[in-house]
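Participant: Throw the hints in and build the complete structure from the sequences for me.
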Amino acid sequence: GQQLNQSPQSMFIQEGEDVSMNCTSSSIFNTWLWYKQDPGEGPVLLIALYKAGELTSNGRLTAQFGITRKDSFLNISASIPSDVGIYFCAGLYNNNDMRFGAGTRLTVKP
Amino acid sequence: DAGVTQSPTHLIKTRGQHVTLRCSPISGHKSVSWYQQVLGQGPQFIFQYYEKEERGRGNFPDRFSARQFPNYSSELNVNALLLGDSALYLCASSVSGTRVEQYFGPGTRLTVT
Chain E
1 GQQLNQSPQS MFIQEGEDVS MNCTSSSIFN TWLWYKQDPG EGPVLLIALY
51 KAGELTSNGR LTAQFGITRK DSFLNISASI PSDVGIYFCA GLYNNNDMRF
101 GAGTRLTVKP
Chain D
1 DAGVTQSPTH LIKTRGQHVT LRCSPISGHK SVSWYQQVLG QGPQFIFQYY
51 EKEERGRGNF PDRFSARQFP NYSSELNVNA LLLGDSALYL CASSVSGTRV
101 EQYFGPGTRL TVT
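If you're matching them up, the sequences are chains E and D in order.
Read in the working numbering, the first sequence has 92 at position 92, and its numbers run on one by one without any break.
Read in the working numbering, the second sequence has 103 at position 103, and its numbers run on one by one without any break.
Where hints are given, some of them may not hold.
[To be verified] Ranges between beta-carbon positions, derived for each pair:
#, chain 1, residue 1, chain 2, residue 2, range
1, D, Thr5, E, Asn94, 43 to 49 Å
2, E, Asn75, D, His10, 44 to 50 Å
3, E, Ile80, D, Asn77, 39 to 45 Å
4, D, Arg15, E, Ser27, 30 to 36 Å
5, E, Thr107, D, Lys13, 42 to 48 Å
[Unchecked claim] Some chain D residues near chain E, calculated using beta-carbon distances under 7 Å:
#, residue
6, Leu39
7, Gly42
8, Phe45
9, Ala80
10, Ala87
11, Ser96
12, Arg99
13, Val100
14, Phe104
15, Gly105
16, Pro106
17, Gly107
Everything labelled a hint here was simulated from the structure, so no lab data went into it.
Ideal placement from N, C-alpha and C gives every residue a C-beta, glycine not left out.
Facilitator: Shown next as structure tokens:
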């Protein structure tokens, strides 16, 4: 199935810098989700967004559900080495229609 | 508490063969979903089972089938393997079937040669 457009594909940043990534779609979704996947592990849910315009934080992570319901972004503030991994967005229209982005690979240089 | 467990961890098969992947959900979880994650891509939904009944199916050929047992564990079967079936197969479980509150296992890495 068609996946979401996630960008950037990869990021190389210095420890302490802020990070921003986003996800867009031609379809609307009722729920946006952001996951992190470490090597050899399955994705772990970071933030779930349920309403258009919603802004939600989880520690240093902040995500927003776009007003058009077709996009979402994730910000990470003051990055640390353990933020390294692949970040995925996912859109959920109903419980049976869930699409993932291709991921943003984050590298943090100490 | 144990998380979602999957077996085997790695598997190498030849084109045309059949494979069975297994998943044990978190205790108390009644729903299991299967995803295929090709290298460099996000997961793609294959099946969801809740209370032993199929609740959803993604856009995969009939070579892919699954079932859920009375103890809520699940098997994913793939027949007539193709090179393109090489991927990480993820299982996720949830209490009530909602995809938002699902927890993923570490996956089974399938290589088809």
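Participant: If a hint holds in the structure, say so; if it doesn't, say that too.
Facilitator: Hints versus structure:
Between D:Thr5 and E:Asn94 the Cβ separation comes to about 29 Å, which falls outside the hinted range of 43 to 49 Å. Take E:Asn75 and D:His10: their Cβ atoms lie about 36 Å apart, and the range 44 to 50 Å is violated. Range check, E:Ile80 to D:Asn77: Cβ separation about 42 Å, and the 39 to 45 Å hint holds. One distance hint, 30 to 36 Å for the beta-carbon pair D:Arg15 and E:Ser27, holds here, with the actual separation near 35 Å.
Remark: the range hint 42 to 48 Å for E:Thr107 to D:Lys13 is contradicted by a beta-carbon distance near 33 Å. The beta carbon of D:Leu39 is not positioned within 7 Å of any beta carbon in chain E (closest approach about 11 Å), and the interface hint is therefore violated. Taking 7 Å as the C-beta contact cut-off toward chain E, the hint placing D:Gly42 at the interface holds, the least distance being around 3 Å. Restraint check, D:Phe45 versus chain E: the minimum CB separation of about 6 Å is within 7 Å; hint holds.
Among the interface hints, the one on D:Ala80 is violated; its C-beta lies about 21 Å from the nearest C-beta in chain E, farther than the 7 Å criterion. At a threshold of 7 Å, the smallest CB-CB gap from D:Ala87 to chain E is about 13 Å, leaving the interface hint violated. For D:Ser96, the interface hint is violated, the least distance from its beta-carbon to any beta-carbon of chain E being 10 Å, above 7 Å. Proximity of D:Arg99 to chain E holds as hinted, the smallest CB-CB distance being about 5 Å (cut-off 7 Å).
The interface hint given for D:Val100 is met, as the beta carbon of that residue sits about 5 Å from the closest beta carbon of chain E, less than 7 Å. Hint status for D:Phe104 relative to chain E: holds, with the closest Cβ pair at about 3 Å, below 7 Å. For the restraint placing D:Gly105 at the interface with chain E, the shortest Cβ-Cβ distance is roughly 5 Å, inside the 7 Å limit, so the hint holds. A hinted interface residue such as D:Pro106 counts as satisfied when its beta carbon comes closer than 7 Å to some beta carbon of chain E; here the least separation is about 5 Å, so the hint holds.
Restraint check, D:Gly107 versus chain E: the minimum CB separation of about 6 Å is within 7 Å; hint holds.
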